[in-house]
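Asker: Now for the letters of each chain:
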Amino acid sequence: MATQHSRSAARLMMAPAVVLLLGWMLVPLTMTLYFSFKKYLPLRGGDLGWVGFENYTRFLTSSAFWPSVQTTLIIVGGVLAITVILGVLLATLLNQPMWGQGAVRILVIAPFFVMPTVSALVWKNMFMDPNYGLLAHLWKLFGATPIEWLSQASLTSIIMIVSWQWLPFATLILLTAIQSLDSEQLEAAEMDGAPPIKRFGYITLPHLSRAITVVILIQTIFLLSIFAEIFVTTGGAFGTKTLSYLIFQRVLESQNIGLGSAGGVYAIILANIVAIFLMRIVGKNLDA
Amino acid sequence: MGRITLDQVSKSFGDVEVIPPLDLTIEDGEFTVFVGPSGCGKSTLLRLIAGLEDITSGQIRIDSQDATNVPPAKRGLAMVFQSYALYPHMSVRKNIAFPMKMAGIAQDEQDRRIEAATTALNLTDYLDRRPGQLSGGQRQRVAIGRAIVREPAAFLFDEPLSNLDAALRVGMRLEISELHERLKTTMIYVTHDQVEAMTMADKIVVLQAGVIEQVGSPLELYNTPCNRFVAGFIGSPKMNFLEGEAAAKYGAHSIGIRPEHLNISTDEGAWKATVGVAEHLGSDTFLYVHPEGNEGETMTVRVDGEFAVRHGDTVFLTPREDLIHKFDAEGLRIP
Ligand SMILES: Nc1ncnc2c1ncn2[C@@H]1O[C@H](COP(=O)(O)OP(=O)(O)O)[C@@H](O)[C@H]1O
Ligand SMILES: [Mg+2]
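Protein sequences, first through last, are from chains A and B.
According to my numbering, the first sequence holds residues 2 to 289 in order.
According to my numbering, the second sequence holds residues 44 to 378 in order.
So that you can see chain A by itself, here it is in the shape it has in the complex (with noise of 0.2 Å):
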C-alpha cells in the first residue's frame, strides 16, 4: 500500500489533525515566551516594552520561587508514593476471585469520573471541615479535637484529596497487569517453594515494574500542573503555594503577564525534563 500515490494521500488525511495539533500547542507557546520578554501589566499600563531576561531573573530570585518548587515536588512524589502503593494492593485485592467483583471494580474507578474541583470541594466541606467534617465527628468520637486539616495540615491535605482521585487510575492500569501475569509462574514459584509474600516479591511485583513506571510518567505529568484542588481548598496559603499556582497568581493576583509567561517557560522546562527522564526509564523497561 505504500505507494506514491497513497503516501500523499495519507498526508492529505493527516493534515488537518497535525495543523489543529500544531496550531494549538504553538499559538499558546509563542504568546508565551513573547510576553515572557515584555514588561506586560494590563492594568497598569499595559505594555510597557521589552525587557529582556528580566522576567525570568525576578522569577526565580522572587522567594516564593523555592518554595513553590518544593511544594510541587512534596506533592507529586507523596500522590506518587500513595498511589502506587496503595494501587498495587488494591489491584491485588481486586484480582481476588470474589462475590459482587465487577460492582466493587466499579466502585473503586469512580473517583476518577469525579471532576477536581468537585472533589475538592467535597473534601473540603464533609471530610475535612473541623466543624461538621466526618472527620472531625470521628476525632470528637475518641474525644480528640478535630484537626483543622487545610491550615493544620494543608500538604498533608491535598496529597490526600490528590491521591484519591488518582489512586483509580493507578489501580485500573496495575489491575490489567496483574490479570495479565501468567497463573502457571505463581503456580510454578508455588511449588518452588516461594510463600505467598514471596511469590509477590518475587514474581508479581517484578511483573508489575513497567506498569509502575507508565503510571508513574503519567501521573507525574499531570500533577505537576494540579490546580484547581489547591485553588477551592487553601487558595495557595500555608504553604501549598505550588509553581503553576505561583504562576496564576503572578498573572491573576499580580496582574504581571510577563512575569506569570517567564514562570510558565520555567514550567515547561521543568515538565520536560521530567518527561525525558522518565521517558528513559520506560524506554528501558519496555526494552527488556
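Worth flagging that the hints you see were computed from the coordinates, not collected in a lab.
Ideal placement from N, C-alpha and C gives every residue a C-beta, glycine not left out.
One should not assume that every hint holds.
Unchecked claim - Heads up, simulated DSS-like pairs for lysine-lysine below, C-alpha to C-alpha not over 27 Å straight-line:
| hint | chain 1 | residue 1 | chain 2 | residue 2 |
| --- | --- | --- | --- | --- |
| 1 | A | K285 | B | K369 |
| 2 | B | K292 | B | K281 |
| 3 | B | K292 | B | K315 |
| 4 | A | K199 | B | K144 |
| 5 | B | K281 | B | K369 |
| 6 | B | K144 | B | K227 |
| 7 | B | K227 | B | K246 |
| 8 | B | K137 | B | K117 |
| 9 | A | K199 | B | K117 |
| 10 | B | K369 | B | K315 |
| 11 | B | K137 | A | K199 |
| 12 | B | K144 | B | K117 |
Unchecked claim - In silico negatives: residues of chain B with every beta carbon more than 10 Å from chain A:
| hint | residue |
| --- | --- |
| 13 | S53 |
| 14 | L65 |
| 15 | P80 |
| 16 | V113 |
| 17 | H132 |
| 18 | D151 |
| 19 | R193 |
| 20 | A196 |
| 21 | L211 |
| 22 | H296 |
| 23 | V320 |
| 24 | L375 |
Given the structure of chain A, go ahead and fit chain B with the ligands onto it with the hints provided.
Answerer: Relative to the frame of chain A, chain B with the ligands by itself:
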C-alpha cells in the same frame, strides 16, 4: 524415593465431576505417561498430584505418607509446565537457583548443582541470559534444569514438548528419556501424543473423560488393548475397525486390525478394495483404501518399503488372523 499412590481420588469443579474416583499406583523410578485426548483430565490429574488443585475426595500418598493436605512445596515434587513458566525478569542462573534459594540451600551447594545441571543440559553458555533471549528448546531445558536442582522425589511434566517444532520435539524426547535413565527418578509425563507415550513410557495410563481406560506397558497396550478406545488411540496410523458381516465371521461385534497387520497384494486376498490416496515415503507406503461394497469407509494399510500402486488401482487385503482384535457390543475386548 518416589512411589505415588492415588486412592479413590476424585475431582469436581463445582458440579462438574472432571475425574471420577480412581486408583493408581506409580512405582518408584518409573516413567509413567498419562495419555488421552485433549480435555480428558490429564493436566487436572497431574495438578492434583502436584497439590496445585485440592482433591474433592480420596487420598494421595507419596512414599506411603499421606500427602493429601500437604502444600505443593512440601511434597518434594518438581513440575515442568507446558508454558515453561520461567521467571522472565531473572537470568537463567537465577531461574535455576530460585527453588534452592527458597529452600535456603548454601551458596556453594547451589553453585555445584547449577554447574552439574547446566552442563548436562548444555546451558552453560546461556547462564546470564534472560528467558526471552532463548529459543524454545533452550527454555525447555532451563525449566527442566530448575526441576532437576531440587532433587525431587518425582518429576511432573505437563505436555512439555507441545510448544516445540517437530524436529526439536524428537530431540527433546530423547533428552528426557536419557535424563530418566541417568537419574532413575520417578517421572510422570502428560501428553496427548501417543507417539510420545509409546516411545518414552515404562507405563502408560490411558485416560478418557477422567476415567482410566487401561494401564500397562507400551507393548501391552499395543498388543492387547482392553477396549476399542485404547485400541484406536494407541498405534499410528490408527487401527482399522470393521463391523457387521466381516466381524460376525469372527464371532465379534466389531474387529480391529492394525494397518501394519494387513497383507496387501495386487492379485488375490480376502478383501477387495480400491486405492484412494497413496503416500509414498520411501521407507513405508501408506495406502488409504476403500473396501468393495462399502466405499464410504476408509482403511489404512502400511506396507514396508515401496509398493507401486496409484489412485484408483484395485488391491486385495488379507488380515493376519492371529493379530485381529475382537470387541463386543460394549467395545470390550473378547479374548
Ligand atoms: N479450573 C477449572 N475450572 C473448571 N473446569 C476446569 C478447570 N480446569 C479444568 N477444567 C475442566 O476439566 C476438564 C479436564 O481439563 P484438563 O485436565 O486441562 O484436560 P487435559 O489436560 O487432559 O487436556 C476439561 O473439561 C476442563 O474444561
Ligand atoms: Mg492439559
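Asker: Hint by hint, say whether it matches the structure.
Answerer: We went through each hint and held it up to the structure:
Taking the CA atoms of K285 of chain A and K369 of chain B, the gap is about 66 Å. The hint is violated against a cut of 27 Å. With a CA separation close to 22 Å, the supplied pair K292 of chain B and K281 of chain B stays within the 27 Å bound. For the proposed pair K292 of chain B and K315 of chain B, the alpha carbon gap of about 17 Å is at most 27 Å, so the pair holds. Proposed proximity of K199 of chain A and K144 of chain B is supported: the alpha carbons are some 11 Å apart, at most 27 Å.
Between K281 of chain B and K369 of chain B, the direct Cα distance comes to roughly 16 Å. Compliance with the 27 Å bound is thereby established for this hinted pair. At roughly 25 Å between alpha-carbon atoms, K144 of chain B and K227 of chain B fall within 27 Å of each other, so this suggested pair holds. A distance of roughly 14 Å separates the Cα atoms of K227 of chain B and K246 of chain B; the hinted pair therefore holds under the 27 Å criterion. Restraint check: the Cα-Cα separation between K137 of chain B and K117 of chain B comes to about 21 Å, which is no more than 27 Å; the hinted pair holds.
Proximity of K199 of chain A to K117 of chain B is assessed by CA-CA distance (about 16 Å); at most 27 Å being required, the pair is judged to hold. As the CA atoms of K369 of chain B and K315 of chain B are separated by approximately 21 Å, the hinted pair is consistent with the 27 Å bound. At roughly 15 Å between alpha-carbon atoms, K137 of chain B and K199 of chain A fall within 27 Å of each other, so this suggested pair holds. For the hint pairing K144 of chain B with K117 of chain B, the CA-to-CA distance comes to about 15 Å; that is within 27 Å, so the pair holds.
At roughly 21 Å, the least C-beta separation between S53 of chain B and chain A is larger than 10 Å, which holds for a residue marked as non-interface. Even its closest Cβ contact with chain A, about 23 Å, leaves L65 of chain B beyond 10 Å, as expected for a residue assigned away from the interface. Non-interface status of P80 of chain B relative to chain A is upheld: no Cβ of that chain comes within 10 Å, the nearest being about 22 Å off. With a minimum CB-CB distance of about 12 Å to chain A, V113 of chain B clears the 10 Å threshold, and the non-interface call stands.
The non-interface label for H132 of chain B is inconsistent with chain A: the shortest C-beta to C-beta separation is roughly 4 Å, within 10 Å. Every CB of chain A lies more than 10 Å from the CB of D151 of chain B, the least distance being 20 Å, so the non-interface label holds. With a minimum CB-CB distance of about 7 Å to chain A, R193 of chain B fails to clear the 10 Å threshold, and the non-interface call is violated. Residue placement check: A196 of chain B keeps its beta carbon more than 10 Å from all beta carbons of chain A (closest about 13 Å).
Here L211 of chain B stays apart from chain A, with its beta-carbon at least about 21 Å from theirs, past the 10 Å limit. For H296 of chain B, the shortest C-beta to C-beta distance to chain A comes to about 44 Å, beyond the 10 Å cut-off, and the non-interface label holds. Its beta-carbon lying about 40 Å from the closest one in chain A, V320 of chain B satisfies the requirement of being farther than 10 Å from that chain. Look at L375 of chain B: its CB is around 39 Å from the nearest CB on chain A, clear of 10 Å, so calling it non-interface holds up.
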